[in-house]
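Peer 1: Since chain S is already given, all that's left is putting chain L on it; use the hints.
2 protein chains.
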Amino acid sequence: MTQRITLAHGAGGTKTEELIRGVFLDAFGNPVLNELADQATVVVERKRVSVSTDSYVVWPLFFPGGDIGKLSVYGTVNDLSVGGAIPLYMSASFIIEEGTELSLLERIARSMRDALRECNVSIITADTKVVERGKADGVFINTTGVGVVDECLELSARNIEEGDVVLLSGSIAEHGAVILARRADIEVSFKSDCAPLHGLTSVMLDVGGVRLMRDVTRGGLATILNELADACGKGIIIEEALIPVREEVRGVCEILGVDPLYLACEGRLVAIVSPETADMVLHAMHRHPLGEGAVAVGRVTADRNGVVLKTTIGVERIVGRLSGENLPRIC
Amino acid sequence: MTQRITLAHGAGGTKTEELIRGVFLDAFGNPVLNELADQATVVVERKRVSVSTDSYVVWPLFFPGGDIGKLSVYGTVNDLSVGGAIPLYMSASFIIEEGTELSLLERIARSMRDALRECNVSIITADTKVVERGKADGVFINTTGVGVVDECLELSARNIEEGDVVLLSGSIAEHGAVILARRADIEVSFKSDCAPLHGLTSVMLDVGGVRLMRDVTRGGLATILNELADACGKGIIIEEALIPVREEVRGVCEILGVDPLYLACEGRLVAIVSPETADMVLHAMHRHPLGEGAVAVGRVTADRNGVVLKTTIGVERIVGRLSGENLPRIC
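Sequences listed follow chains S and L, in order.
One rule links them: number in the numbering used here = place in the first sequence (from 1) + 2.
One rule links them: number in the numbering used here = place in the second sequence (from 1) + 2.
The following block holds chain S by itself, in its conformation from the complex (with noise of 0.2 Å):
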């Protein structure tokens, strides 16, 4: 018979404890988590500690590429790597609904498990909330990452100057072309580009002159990259003939008439670089599997507020944040 969630697994008792130990400590065991404390205490070795938290709702939980567990791991990983943190640990909160099956449940922890080897990061806390059926949708996860950063590392939009250069790791809108592909139900050949790009962060700080990086996800390159010129109150000017999109990604956006620009990864990131270093940070991108397709799409500019896109027949256009709902439920 299959096995299912009851409210019971959510109740604090004897099933939580079943639930506990034989999926999440199974999957996830070390000697801090199996402790099975409500909180758990570790030895930091730098002062300066980085913390990001994001809860993930992704659907479907499964798609081309990856699933709600891998994306709850990579995601906050990559939020702590393009802050310049090392990612140490983890916390997981799964909210899951009541009906969910057992198995389902157990194919998340063993992906979350491979995805938690692969940063080399561990879980040390977690938590278990189960609700009623039709109080929620499968399996929501929430992780929060803790890093350390260096002593001496300042990566701040304080210091980007007029001219420094927009780094883009690879190509843009795999992951959002493919959810709404899966949602359409239109068969691709292509999969979402999740990644943990902490390795990639690692190689570019090495090399020096990095001002800030972003992780390219919910809003697209084009909502990021208008934080980001916000944020250093200067503009940013891009060249579309640069910006890497496959093809097959391209038709799928025009299918649904959606834009690329606009679209989620969760394997990408941008970074703005000074000058001098811009080349050498490329080079040391491309040496990395993450940063093959990396390539320069546009400087900071000090005379323009916002976006500007220099479109492939020369015409230049204000591009602004993402509004409007686009694609609900995307990570």
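Be careful, since some hints might not be right.
A pair counts as met if it fits within one copy or between any two copies, since identical chains are not told apart.
To be verified - Pairs of lysine to aspartate or glutamate residues, derived as DMTMM-like cross-links and limited to a Cα-Cα distance of at most 25 Å, are as follows:
(1) K193 with E47
(2) K49 with E156
(3) K49 with E108
(4) K312 with D28
(5) K193 with E256
In short, the hints are calculated from the structure, not lab data.
Peer 2: What follows is chain L alone, placed relative to chain S:
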């Protein structure tokens, strides 16, 4: 017109920014959070860092004595505090159902703000997701707390010895009974006991001799004591006559057919304390507003497994962990 949350509020574009600035920054704003980065970096002056996470799905969202916002701050502060940590920072992540009234979110955010001030804790990083109507139930909140632990403090089940004293900080089951009564439309004059325990744990730790503490939440006193007994591989014997339960709480439990030993508190703790310092710890608790009703309810035994209750008529019976669903969405 009533303003309601739409999917656009969760899409990562202009509407998301409006929500973040209008509701969350307005309530929680501080220099770190105001950066609106996807991660926050803070300086932590001690090497032992404690992390605790909980997702809050309590229903109803507002109840006599508290609401989901307050609970989401106190609950995580309490998990850190009973672990011996001084709570410093918190992340907050909101999963909001489409159609939720904006004014309801504002009330919750203000309640969190007041609770944060009371605990001297700042939200340094946050996240907002919106899911379609019928795919969540109003608002779910995850908070993850970060605190620091004194280098010399050692709270561990390994230190628990036969003869150690079990202290309980006050009367039990009020939070659980209020929630149950509210759902059954029973009018009660008592309130949830929800409260932050960081001050109380601090005065207790100052005395010394505390082996281990736990806040009495999901599963109630009986379940928490069973977890403590299992953790130290010893037995615990408690006296029914010594466990404070308010008369009205007992009445509600009788009407609803539940045992107060299994109902959650949200502002009470149990501590296992050495016999040498137990009286002094108890005395220190009595001088704190949240420990006025503290009592020694039992002791640790070597020859028993699990938790034994000595009833008012002198009979001893084994008290197991909570089994079954009892009370879903209590926190």
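Peer 1: What are the numbers of the hints the structure violates, in ascending order?
Peer 2: 1, 3 and 4
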